[in-house]
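Visitor: Those sequence lines, one after another, are chains F and D. If you read the first sequence in this note's numbering, its first letter stands for residue 29, the second for the next number, and so on. If you read the second sequence in this note's numbering, its first letter stands for residue 1222, the second for the next number, and so on.
Since the hints were made in silico from the structure, they are not lab data. Mixed in with the good hints, there may be bad ones.
Simulated pairs of lysine-lysine, DSS-like, Cα-Cα distance not exceeding 25 Å [unchecked claim]:
id, chain 1, residue 1, chain 2, residue 2
1, D, 1505, D, 1620
2, D, 1352, D, 1368
3, D, 1505, D, 1518
4, D, 1279, F, 96
5, D, 1279, F, 35
6, F, 96, D, 1335
7, D, 1335, D, 1279
8, D, 1368, D, 1318
Keep in mind the model is a prediction, meaning the values are calculated, not measured.
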Amino acid sequence: MPTDRPKVYRAMKKDADDKPTVAQTATGLGVRSGTDIITDAAGNVVLDANGMSVAPGWRNLELHRIPKRLGSIIPGARGSDNTHCFTTGGGAFQRDPFARGLELIPDAAHHAAVAPIAAVPLAEYEADLAATRLDWVIDEA
Amino acid sequence: MTMTPHSHAPGNSNYRQVLRGYLRLHQLTVERRDESVEADAVRDALDLPWHALTVAEKERVQGLSADLFEISEPTGGVAQGTNPQAQKNLTEALEAKQRGEWERTLELLRRWGKHIAPALVSYLRGGIWVKAGYPEIGVVFYEHAAKLDPDNANYAGLVLNALESYDLRRALEMSNRILETRETQQPSLVVLAAGVAFGAIREIVEPDAIVALRALIPILEDALPGVLVDEMRSVYLMALMLLALSHEHLGETGAAFDYYSMGLRIEPSHDALLTGRGILTYGKSPQSPSDLEQAVKLGSPLVWPYFFLAHHYIANNRYEDCRRMCEKGLAMTASLAVHSQLSEWLAIAEAELGFPSGRVRAAFEQALRLDPSNDTARRNLDTFERASPRPTVPKTWEKRSESNVRVFGQAERRLQLAA
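Let the sequences and hints guide you as you build the complete structure.
Guide: This is the structure:
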């Protein structure tokens, strides 16, 4: 797992290899066009500091994203048990390069977006996110 | 963290949206559908409003979510043994609830609630959410209390009351179930169910309404002896009120009078009963104005005692009393027709008291704006305009008769539960 990028968490579904599922959903490694990001007339992602949502710790995820099985640690957790708390990186939770073509843009102490560095086509942004797949590991400790 | 009622108050749409979303997730969990496509859609819709919440709001949502999880577990309704420390903290919880410190109460219940009956914990939680303006959440806890303690009709009654405040369809369904099985239900619950049914009769057209009221009367009469006055005074009085209103609507004035009077013998300061009897006998009995005056002294939240007294005073040329009563009535919730009538009487009273013409005219015009079909107000405005060059000349106002006002008031108020 790369340690030079900011350490972030995201609740995602996993594939058989225990790596996150690449999908354009709220629980996939990807973004929902029109919800998480918007594109311009040319199909490029608009650089408005939005992107794939992440948090600095799994306990900071939205309560409805923390899997229910973790309710003994976080009472009231309402997330799907089909999701897992994945993490990647080891650096500070601050605006920094994240991976090829991506950067982390915090908008609150406990929330940030993994956004494209440049106004690239949506497919390229999605490919950049998907390229980080093997860097993610499950961490629910 | 000590929270006042305001910290829970509805109004923040993101907070309300998140609470509703979590309530929906709870329902899906109970139905074992919390891994469904629908549950995922609910979660997706929660992301945006969640991020708009304050830290305190998020904590409250988390507390609610945890409490909801607790009641979706089959606990068996058994409390753990108590101890002095638990007792002390539960007493503090009840005191905090009395003070309106709902967040504190919920926190204490979360920590110490396991030492008292789970039904009681749910009852307390339900009450807090209802008072905070979220009856849809309160109902879930009340239903849990009723499920754990089905012999306690109070819990089922609270479910009914809370449902009635936001989901009349479900309240009616529950009411019908109770009334259909009334032989096996506690009489107090039957009365509460009859109250919901009575409210629904407003929506029914006249011949069917009469049939429905005729059916309701024996149900209430049968239930009444089973409601203990000393223990359930408010329910007993509600039954009497419903019986009085039902008979009144059916034109059975004598029976209605008897039920109002029966209630007033038990509770002489019951403003709704005083108002009901005052209206019923308006223009027929000298006791009527005194019943209505007593209701006003008690600070009745209903417009009716103010409305009828305003007419009583204007009919007896007591213009200053009429003016005061009109102003009070106009500050209360009422139909446009009632407010129009009060504005007209206010105009007449102010004209007689020598108020400036512009103010009198404005009151008449207001009466006509509120109800363009108020022809009496139109004619009285004409009278006023004709006399305005000579303001000292006595004017002959067109005043409605007592029986006319009684019929008008009864029609306006008809089938509205005045309790």
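Visitor: Which earlier hints can't be squared with this structure?
Guide: none
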